[in-house]
Structure formats: structure tokens, C-alpha cells
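From first to last, the protein sequence lines are chains A and B. For the first sequence, the residue numbers in the UniProt record's numbering are 1 to 398. For the second sequence, the residue numbers in the UniProt record's numbering are 1 to 398.
These are computed hints drawn from the structure, not numbers from a lab. Note that CB positions come from ideal geometry on N, CA and C, so glycine has one too. One thing to keep in mind: the hints can contain errors.
[What the hints assert, rightly or not] Computed Cβ-Cβ distance ranges for the label pairs, DEER-style:
#1 A:A65 - B:A258: 30 to 38 Å
#2 A:G70 - B:H308: 43 to 51 Å
#3 A:D87 - B:A145: 29 to 37 Å
#4 A:Y89 - B:A285: 49 to 57 Å
#5 B:K86 - A:M1: 19 to 27 Å
#6 A:H160 - B:G286: 55 to 63 Å
#7 B:K24 - A:A254: 37 to 45 Å
#8 B:K86 - A:N9: 31 to 39 Å
[Claimed, not checked] If we take Cβ atoms under 7 Å as the criterion, some of the chain A residues that face chain B in the derived model are:
#9 F34
#10 M39
#11 F40
#12 L61
#13 S242
#14 F266
#15 T321
#16 K394
There are 2 protein chains.
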Amino acid sequence: MQFAKRLDNVETSAIRELFKLLGKPGIISFAGGFPDSAMFDVAGIQEAANKALTENAGLALQYGATEGFGPLREQLAAFMATKGTKDVYADNLIVTTGSQQALDLLGKCMISPGDKVIVEGPTFLATIQCFRLYGAEVISAPVDANGVILEALEQLIAEHQPKLVYLIPTFGNPSGATLSLERRKRVLELAVQYKTLVVEDDPYGDLYFDAPPPASLLALSSEVLGSREWLAHCGSLSKVLSPGLRIGWLIANAELLAKAVMCKQFSDAHTSTFAQATAAQYLLAGHMPATLAKMRKVYAARAHTMMHALRANLGDAVSFTEPQGGLFLWVKLTGQGGKLADANVLAKKAIEQGVAFVPGAPFFSQNPDASTLRLSFATADEDKIREGVARLAKAMAA
Amino acid sequence: MQFAKRLDNVETSAIRELFKLLGKPGIISFAGGFPDSAMFDVAGIQEAANKALTENAGLALQYGATEGFGPLREQLAAFMATKGTKDVYADNLIVTTGSQQALDLLGKCMISPGDKVIVEGPTFLATIQCFRLYGAEVISAPVDANGVILEALEQLIAEHQPKLVYLIPTFGNPSGATLSLERRKRVLELAVQYKTLVVEDDPYGDLYFDAPPPASLLALSSEVLGSREWLAHCGSLSKVLSPGLRIGWLIANAELLAKAVMCKQFSDAHTSTFAQATAAQYLLAGHMPATLAKMRKVYAARAHTMMHALRANLGDAVSFTEPQGGLFLWVKLTGQGGKLADANVLAKKAIEQGVAFVPGAPFFSQNPDASTLRLSFATADEDKIREGVARLAKAMAA
């Protein structure tokens, strides 16, 4: 059987292979990219689902508009407004089947084979693969503790004239980094100056520890003339409510949004109306602020416990920037005093000691840094985190 | 903003424009492609959703495997077995976000720009557009009352060496035609002989009126040596349970299925686990046979009412083959005695009279037949059907 040529650009991720090992009994996993199931507001979601079916089952179970379920679009626009976004109304967003589909639709709408796109190095693995499937050459821009480095980004934009620049400006996956306010404004200026679409992926922004992060690129776009036209924003309920609902959304200029709707029509017709009606009822009931407050507190405590344990158990063998929110800690093996500096080797030793994480190399579209690794502090409780880091220290010493 | 070149191959459908007119008060619509909301087993679905959340909310609301939710894959394999399919186990199918996504994944996996595919003329509009977005040239094979005409199909396969042949063999949309048993076996032989993937889209097969249709290509593949390797089967719960759940499935050989899983990972990660867990509980509870029995009876009565009314009101101005199931009646304007023979003109007059349908031309990827039109008998009750057909007769006379 002869498959489409586009499949030659992508391989099934090495991470998937690693995940198969996670079934080992007693393993402590820092490998996942998901929220803790124990954080789900099951009662609230169940109430919302029942309300969706009681109020209008005919709507909730029928085909719906490709753009999304009207009441959910209203609720999502209102949710964005609570986060400082101006002038985003229901008509300015479409509902997607998770924000992964927003990325897929952007790829389908924007990328012709051979086109270039710029992403952060490191970035979300599935974004790299998603864009490569549409034939993109994926260029990597370097990041530091304050997010993507602007001088390097501008140079790459000027050199490559990319179809789009993809960023996770807030609590990046896997970097944990947050783009500074100053850099955010500059990114918007670059978008206008070079007429380049900037895609802001923001699944983690609500999960801050102490203080809210800088305003999103979308919220700031009202301050940079013309930038709204060159900005696409991807939102998601996966990390803050439930990934299983598969509710994401895409905000973009009217022309791009219309193209995305056309592509979505032939991708999955529309996102589950049942899931959409459930999410709409949940938001309408006003549960979200309490749910978010609980998550922030729990994840902050876990992050601090993990950072403390890493310093205590691994000392100068590792370095990391403290994340201010999100789910991830991005760690560099320093190799100090001849200690292990290859995260792939460490990953294997760690599995033997009963702890798992994801090596950092696959998160780079170019120039992988094998000394890096991603730890999620989201799904293990604080005792498990302490025990897991102790095992990691044993693996380093083994 | 410069979009991807693939968008040049597709335009937003003319049908969408027509649908905007359906909001007119008092209009009777034969235009939809959806089941009647009044047929939904709301109580059964609500019970299933609650059970999914009560039994294991952590699973139902969390990220899930791209291949699909295990218990649903088991239930779908069992459902297929009740329909005569042999040797289809949970591992042989993946869950898709509606069967539209199965088509999208097949396009992504199989079609390189410039490749050819063969479809029936007429066929499901969104299939044509979906494949064109991947750069396919979509060739049209003629159909008669017994489905695609085999001599013509073989000639087209030999001439064009297509990447795939897409068929709706049972109660076709829009043709209403059912491929005969003899032709089914011959299609499977052609697949093997020409090493051509045949895609069987089967959303309507369960909705027969009197007797079950011939066995599906999938069920028959065990009788034609080697044909299972060259067959992909798309199933859906949209017409028999609820479109709003967005649950479809794809059955194919292991190699193709693995490629489809990889593409799905970057399309939407997975189908809503909440919707999947709900569907799994519904099937497990054993409600499906009663639900299907009820739908068959109601749709059969409506189809017969519509056919009777057409003969009584429009006489020799129209001709059609009696469908044995499904949702659609495919009508040809005969032009007898100088009567109107252009369905686009009739559609406009019909809207003025308060009745809507979809003209047939857009369902053809090549050589559109402007004298055809599609009537759905699924969503209007029998009184409305009689009134709607009477209005159609007025429109013909106007």
C-alpha cells in the first residue's frame, strides 16, 4: 500500500514508546502532560451534562454548526473577557476539538509543502509533527528564562519569511518559561512589521501559582496597532476543566477564521455538541473560579516540593528556572563534577529505579539538547514527588 | 494573508448558503442530512452518561488513547459482529470524531497532491471536498438503481489507477441506491485485482425498512481472498444514536490503521472520552436493538408517505428509485410535457412556496446533473411530508 508523501516527514514519537514502560507496577511518573484526574470537578460536570440534556436534548445530541455551539461560544468569549481580553465576542472564536485541532486547522489553512514556520526550541512536540504533516520546515528559535529571545526571533523571521510563528508564551511546554511583558509587546510589533501570523497557544495561563502572568498576546493586541490581524490565539479547557471533553477554541481574524471553519467542516463537521453543551452549562453555572483556585493551590505546592527536593537530592547536577505556573519543570543536566549529562541515558536508569520522565531532545525541531529533560509535577502528590526525586538521585548515582 | 495552496481546490458549499434560508418561518425542510431529534433515546443516553461518570470519572474526563476508549472499541467490535462481520476485534478498529474524521484521516494518509480517487456520481458532498483539500482529482463513476455500475468502475480504475475508491454501498447519500450482492463481491475482487483501496462508508446500513440489506463489503470480505487488506470501512453512531456525540470508527488493515492513528494524534489527539464512555455504556446496556427498531419503523413510514405523495402530486414530472432504507429519496425531474427540469430553479420556487430541498448538482464531482434533487424524509412527520410535497407541486406549477 502506497501512502501519501506527507507521511514521510513524520515518525511516531519516541515518547510513545517510553509511555509503554509506564505500566510497570509502582512506577512514579513525572512523564505525563496531563492534569491530575483528582482535580476534576466531577459533580459540577455531571450536573452540567444533566442540565444540557434536560434543558434541550434535541440540541445537545443533534448535529451543530461547524463554528461551535452558540451558548458555548458566548461563555468562552465571556471567559476570555475575565482574563483581560477586549473585543472578543462569540463570533470572533470557533470551538475546536481540543486545541490540538486548532493547530491542525492552522496547519491546513496556512502551510503549503516547503513553507517555513518558526517555533520555540524546545516546544510542544505535537505542534512540530502537526505542522510537518502539512509539509512545513520547522525552524527553532532559542528561548531563555523569559521566553523566546527576540533578537534571534527577528533575525529568523527576516531570514526565513515564515508562514507563522508558534509560541507558548505563558508557562511553556516543556520550557516552563514565561515571555516577559516587554517581549510580548515586541512580538506583536514584529508580527505587524513583517506581516507574519503569530500563533499564541495558551493552555496553561490560568494555572499560575502566586500572581497572574503578564497579559496574553491577545489581551495586549489592543495596545499594538494592527497586531490583532496578525494574531491567532488557541485556548483550551483541557488543563483547567477536563481533557476528555476535547474543548478548545481558536480566535483569529475573520478571513482566517472562515477558512478554518471550511477546513473543520471536512475534518470532523463539528466538535461534540454534547461535550460543548456540557461545557457551556458548566461555565454558565459559575464554577470555574473555584475550580481554578483549587488547581492553582495544589499545583503550586507540588511544584515547590519538586524544586525543593531536586535541590536537596541532586544539588549542582541539575539546573532549572523556577516556573511561575503550568505543569512542567524543565531541567538541564549540568554534568558538574563528571555527573551524567545525557537525559536519554538517565531516563533508562530512572525507569530501573522506578521513576519516569521525558527526555528533552524530541521537543526540539532542530539542534536537540540531549542534556535536558521535562518533569511534570502535576499528577503525583507531594509524598510521591519527594520519593520520585529521591529515586532520580539514585538513578544519577547508578 | 496568504493561505495554503490546497484551499484553492475547494469552495464553501453552495448548500450552506441555501441552509441560511431555512430559518424562514413555517418552512418545511426536506433539505437536512440529519436524523430526527425526536428519535433520540434521551433517557438512555442520559443514563449512560451518568454511569460513565459514576463508574470512573477519572477515565471518562481524562486524556485517552488516540486509538479510542478501550471499552467502546470492544462494544463497537461486538456491534459489528451482530451485523455479520467476522474477525473484527477491538484492535482492528479505531474510534474517530464522527465518520467525517475517518474520511479526513484516509485523505491525509493516502492522498498526495495530484493523486486520483474515484467516487460515485452522485456522492456525499463533504467527501469530495475533504479529498480535494488533500489535492485529489476526484473522478466520478456512474450509478444506477443497484449502485455503482461495475463495468464503468473497472474501466475507470484501469485508466486512472486511483489511490482509493470511495463508495456508500448501502442506502447511498444522496442516491438512496443499494449496491447489489453480486456487485459487492465484484467490487472486492476488483480491489484485489487492481490493488486499490476500497473505502466503504456505511452510516445508513442499520436503517433498513423491511428486510436487512445485503451484507456489507466488510462482512463479505471473508469470502473474497485477500480483499480485507484492500478494504477500509467507516462506521458511525450519528444516524442511529446521536450525531452530537461525534462517534465514528474506522476499520482497516493494521498498517493503514497505524498511519491513521499517527495522523489522528496530530489532528485532535483523541475523540472526546466523555462521549466515548457514554456511547460504550449505552451499547453495553443493550438499548441499541430497540432504538433501531423504532427508527426503522418511523423512517419507513415517512419514506412511503413521501413516495406516495410524490406520485400523487407530481406524477410523471418526477422519477425515482424506491430506497430500501436510509434517509434520502433521490429524484429526477423528467421534464415530461415541458415541465420544469432544472432543480436549481425549482429550489428557488420551492422556498417561495415554503418547502426546501437540496438540488442534486453539487453531489457530482464531475458532470453534474442539474435535473436531480435530494429529498430527506427523516425529519418531517407524515402530515408535514404530505403538505411539503403539495407545496413542491405548487412550485412546479408556478
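(message) Hint validation: F266 (chain A) versus chain B, beta carbon distance must be below 7 Å. Holds or violated?
(response) 4 Å, holds
(request) Note whether the CB distance of K24 (chain B) and A254 (chain A) lies within 37 to 45 Å or breaks it. (result) 26 Å, violated
(message) I want to verify a distance hint. Is the separation of the beta carbons of G70 (chain A) and H308 (chain B) within 43 to 51 Å?
(response) 38 Å, violated
(request) Please verify that hint: F34 (chain A), Cβ, nearest Cβ of chain B, below 7 Å or not. (result) With a closest approach of 5 Å, the F34 (chain A) hint holds.
(request) With respect to the beta-carbon atoms only, verify the hint that A65 (chain A) and A258 (chain B) lie 30 to 38 Å apart. (result) Once the Cβ atoms are compared, 33 Å apart, the range 30 to 38 Å for A258 (chain B) and A65 (chain A) holds.
(message) Tell me if the interface restraint on K394 (chain A) is satisfied: Cβ within less than 7 Å of some Cβ in chain B.
(response) 30 Å, violated
(request) For the range 31 to 39 Å, tell me whether the beta carbons of K86 (chain B) and N9 (chain A) fit it or not. (result) Roughly 37 Å apart at Cβ, these two residues keep to the hinted range, so it holds.
(request) Starting from the range 19 to 27 Å, see whether the pair K86 (chain B) and M1 (chain A) falls in it by beta-carbon distance. (result) 22 Å, holds
(message) Take the shortest C-beta to C-beta distance between M39 (chain A) and chain B; is it under 7 Å?
(response) 10 Å, violated
(message) Restraint: L61 (chain A) near chain B, CB-CB cut 7 Å. Satisfied or not?
(response) 4 Å, holds
(message) Please check whether T321 (chain A) passes as an interface residue: C-beta within 7 Å of a C-beta belonging to chain B.
(response) 26 Å, violated
(message) 29 to 37 Å was suggested as the range; check whether the CB atoms of D87 (chain A) and A145 (chain B) agree with it.
(response) 56 Å, violated
Hint violations for this structure: numbers 2, 3, 4, 7, 10, 15, 16, all remaining hints satisfied.
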